[in-house]
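Peer 1: Sequences and hints are given; from them, build the entire structure.
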Amino acid sequence: MDDSGNNLHKKQGTRVFKKSSPNGKITTYLCKRDFIDSLADVDPIEGVVLVDPEYVKGRKVFTHVLSAFRYGREDLDVLGLTFRKDLYLASAQVYPPVYASESDNCGRVLLNPASTAVCGNSKPPGPEVSEGTDDNLHSGTLPLTRLQERLIKKLGSNAFPFYFKLPADAPASVTLQPGPNENGKPCGVDYELRTYVAETSDDKLQKRNAVRLAIRKLTYAPEEPAPQPSAVVLKEFIMSPGTLRLEVSLNKEKYYHGESIDINVLVDNNSNKTVKKIKLSVRQYTQLCLHNNNRYNCVVDELETDESFPILPSQTGWCKVYKLRPLLANNRHKRGLALDGKLKHEDTNLASSTIICNPNHKENLGMTVQYRVKVRLVLGFVSSDVSVELPFTLTHPKPDSDVNGTSSKLIIDDDNDILHSLLSGSDDRLKHNRHILQQSQLHSNEQSSSDRNVNITDDLIKLDDGINDNKAYLVSSYGGGVDDDDDLIFEDFARLRLKSYESDKRMDIADSSTADSTMATNVNTPNAVISPSSPS
Numbered sequence: 001m002d003d004s005g006n007n008l009h010k011k012q013g014t015r016v017f018k019k020s021s022p023n024g025k026i027t028t029y030l031c032k033r034d035f036i037d038s039l040a041d042v043d044p045i046e047g048v049v050l051v052d053p054e055y056v057k058g059r060k061v062f063t064h065v066l067s068a069f070r071y072g073r074e075d076l077d078v079l080g081l082t083f084r085k086d087l088y089l090a091s092a093q094v095y096p097p098v099y100a101s102e103s104d105n106c107g108r109v110l111l112n113p114a115s116t117a118v119c120g121n122s123k124p125p126g127p128e129v130s131e132g133t134d135d136n137l138h139s140g141t142l143p144l145t146r147l148q149e150r151l152i153k154k155l156g157s158n159a160f161p162f163y164f165k166l167p168a169d170a171p172a173s174v175t176l177q178p179g180p181n182e183n184g185k186p187c188g189v190d191y192e193l194r195t196y197v198a199e200t201s202d203d204k205l206q207k208r209n210a211v212r213l214a215i216r217k218l219t220y221a222p223e224e225p226a227p228q229p230s231a232v233v234l235k236e237f238i239m240s241p242g243t244l245r246l247e248v249s250l251n252k253e254k255y256y257h258g259e260s261i262d263i264n265v266l267v268d269n270n271s272n273k274t275v276k277k278i279k280l281s282v283r284q285y286t287q288l289c290l291h292n293n294n295r296y297n298c299v300v301d302e303l304e305t306d307e308s309f310p311i312l313p314s315q316t317g318w319c320k321v322y323k324l325r326p327l328l329a330n331n332r333h334k335r336g337l338a339l340d341g342k343l344k345h346e347d348t349n350l351a352s353s354t355i356i357c358n359p360n361h362k363e364n365l366g367m368t369v370q371y372r373v374k375v376r377l378v379l380g381f382v383s384s385d386v387s388v389e390l391p392f393t394l395t396h397p398k399p400d401s402d403v404n405g406t407s408s409k410l411i412i413d414d415d416n417d418i419l420h421s422l423l424s425g426s427d428d429r430l431k432h433n434r435h436i437l438q439q440s441q442l443h444s445n446e447q448s449s450s451d452r453n454v455n456i457t458d459d460l461i462k463l464d465d466g467i468n469d470n471k472a473y474l475v476s477s478y479g480g481g482v483d484d485d486d487d488l489i490f491e492d493f494a495r496l497r498l499k500s501y502e503s504d505k506r507m508d509i510a511d512s513s514t515a516d517s518t519m520a521t522n523v524n525t526p527n528a529v530i531s532p533s534s535p536s
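Note that UniProt numbering numbers the sequence shown so that position 422 is 422, with each residue one more than the last.
I should point out that these hints are in silico values taken from the structure, not numbers from a laboratory.
Incorrect hints may appear among the rest.
[As the list claims (entries may be wrong)] Using 25 Å as the maximum straight-line C-alpha spacing, the simulated DSS-like pairs for lysine-lysine come out as follows:
#	residue 1	residue 2
1	Lys334	Lys279
2	Lys254	Lys323
3	Lys320	Lys374
4	Lys342	Lys32
5	Lys323	Lys362
[What the hints assert, rightly or not] Between beta-carbon pairs, the in silico distance windows are:
#	residue 1	residue 2	range
6	Ile238	Val321	28 to 34 Å
7	Glu192	Lys398	23 to 29 Å
8	Glu363	Ala40	38 to 44 Å
9	Asn181	Gln206	31 to 37 Å
10	Glu223	Thr200	43 to 49 Å
11	Thr82	Ala231	31 to 37 Å
12	Glu307	Pro44	32 to 38 Å
13	Asn264	Thr82	20 to 26 Å
14	Cys319	Arg194	41 to 47 Å
15	Phe83	Asn251	37 to 43 Å
Note that the coordinates shown come from a computational prediction; the quantities given were computed from them, not determined experimentally.
Quick reminder that beta carbons are idealized off the backbone N, C-alpha and C, glycines included.
Peer 2: Shown next as structure tokens:
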């Protein structure tokens with residue numbers, strides 16, 4: 001416990017995720033991988049991309065955020081029929097970058113590029129996203145956020161920002177737990193951030209110069225007063241006088257993952273029947289928003305007991321409180337159980353309850369998850385049982401707003417798919433990646449001398465100041481600077497990938513020779529590294 005506490009203490013700060021393309025030409029830095037939807041607002045997807053301009057040259061760098069619902073196994077995708085439905089797609093051009101207009105007279109001000117987004121899919125499942133009407137979204141250029149400004153300050157002038165804002169009705173990440181013998185990508189709703197080099201955004205993605213990061217959109221229900229769930233059922237029997245009254249209530253309507261559920265049961269037996277035992281269960285109901293609206297249920301916790309039983313005829317006022325605790329740890333063997341979207345390096349939990357803001361757009365959610373407590377009184381073989389169900393909400397607590405760039409330390413998680421032994425620097429791709437960063441920082445230091453005539457204040461990018469949405473941030477003057485209060489700490493999460501990269505290296509050389517023939521004549525000018533290339 002002491003060692004873990006010390007590690008947590010040492011690694012406090014703003015956490016940033018990093019992943020490079022297989023050829024090391026582009027690297028994506030992402031603020032976080034879990035984005036919280038509080039119903040009123042959704043965390044923005046922000047970060048920067050470190051680009052090698054010599055490799056990109058006349059081409060462009062794009063970033064996509066794609067949400068898709070997979071409702072079939074990948075090995076069943078045959079004859080062009082894919083069991084997949086695209087729910088949301090947002091796209092932005094990261095390079096060449098976007099600068100403020102010259103009329104502002106404030107120097108070279110880097111901005112977040114505008115992004116276009118499409119929600120919904122009214123066509124049959126396929127690789128393309130159908131265009132909606134009111135769901136088409138477009139956001140203009142925005143100033144840099146604090147985290148982006150700090151990253152660009154460290155990485156230099158070859159780092160370019162991206163910024164996406166998910167809509168309120170975007171689906172949450174949900175994964176259906178596969179069976180023990182099932183391989184491949186599981187069914188469910190997932191999100192992916194893609195960064196790639198191409199001529200146009202519609203070009204086919206090439207694995208060697210692309211970065212793909214899995215992200216999650218999670219939902220938490222805000223603290224709002226809600227009525228205490230309760231239900232009463234009055235059972236009458238044929239050919240038998242009297243009634244059996246069952247009243248069930250929960251201590252609250254909203255529960256967080258890991259909390260116990262208190263179930264209060266009250267029985268008034270005014271009949272001539274005998275209650276022998278009681279069964280309690282917490283059930284998860286998952287509905288697939290497809291053409292057939294299939295609904296599945298799975299028991300995530302249950303209790304069957306005959307303690308304090310039987311309840312004899314004419315016995316009233318019988319009351320008892322039971323506790324149930326739904327946990328994923330007790331249900332890892334159940335196939336088809338809905339979970340919050342799972343990342344490779346992290347564990348997950350049961351899927352949170354789906355909160356539907358707009359019932360008209362329910363099909364855009366992919367699947368919905370609800371929870372109910374079921375209480376059943378067992379009377380015997382002749383008489384039918386008495387049961388009642390109570391819905392409740394299972395969600396995440398309100399997260400701490402610690403990922404806002406206010407910490408003086410950046411913790412960067414390296415999520416590259418490379419052999420751990422190559423981290424020593426023997427890989428030419430890693431050496432080239434470090435060369436990109438060094439050249440980027442060197443260019444920023446040279447550029448700073450020409451930008452010092454700009455009228456700026458000393459506290460423009462101090463880490464202890466807040467962000468003003470109306471303020472423009474100059475980054476070229478500060479890129480690659482030394483700041484003792486803003487250390488970068490790399491955490492290696494290298495995953496073993498037994499693949500040769502010699503073929504990638506040969507393909508990179510071929511790409512470079514091809515791009516040389518189509519390069520614009522002004523690329524060799526001093527400003528070509530950071531200037532937007534003219535359209536061909």
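Peer 1: Taking 43 to 49 Å as the hint, is the beta-carbon distance of Glu223 and Thr200 inside that range?
Peer 2: Holds, since Glu223 and Thr200 (Cβ atoms, about 46 Å apart) stay within the stated range.
Peer 1: Decide if the proposed pair is consistent with the structure: Lys254 and Lys323, CA atoms, cutoff 25 Å inclusive.
Peer 2: Holds, because 15 Å separates the two Cα atoms, which is no more than 25 Å.
Peer 1: Do Asn264 and Thr82 keep their Cβ atoms within the hinted range of 20 to 26 Å?
Peer 2: The hinted range 20 to 26 Å is violated for Asn264 and Thr82, with Cβ atoms some 48 Å apart.
Peer 1: With 32 to 38 Å as the target window, see if Glu307 and Pro44 comply at their CB atoms.
Peer 2: violated (52 Å)
Peer 1: Tell me if the straight-line CA distance from Lys334 to Lys279 falls inside 25 Å.
Peer 2: holds (20 Å)
Peer 1: Could you check the hint for me, namely that Glu192 and Lys398 are 23 to 29 Å apart, CB to CB?
Peer 2: Roughly 26 Å apart at Cβ, these two residues keep to the hinted range, so it holds.
Peer 1: Please verify whether Lys323 and Lys362 have alpha carbons no more than 25 Å apart.
Peer 2: violated (33 Å)
Peer 1: Could you check the hint for me, namely that Glu363 and Ala40 are 38 to 44 Å apart, CB to CB?
Peer 2: Given about 23 Å between the Cβ atoms, the range is violated.
Peer 1: Could you tell me whether the CB distance from Cys319 to Arg194 stays inside 41 to 47 Å?
Peer 2: Violated, since Cys319 and Arg194 (Cβ atoms, about 57 Å apart) do not stay within the stated range.
Peer 1: Does 31 to 37 Å hold as the CB distance between Asn181 and Gln206, or does it fail?
Peer 2: holds (33 Å)
Peer 1: Taking 31 to 37 Å as the hint, is the beta-carbon distance of Thr82 and Ala231 inside that range?
Peer 2: violated (43 Å)
Peer 1: Has the given pair, Lys342 with Lys32, been kept, meaning a C-alpha gap of at most 25 Å?
Peer 2: Holds, at roughly 14 Å.
Taken one by one, the earlier hints fail for this structure at numbers 5, 8, 11, 12, 13, 14, listed in ascending order.
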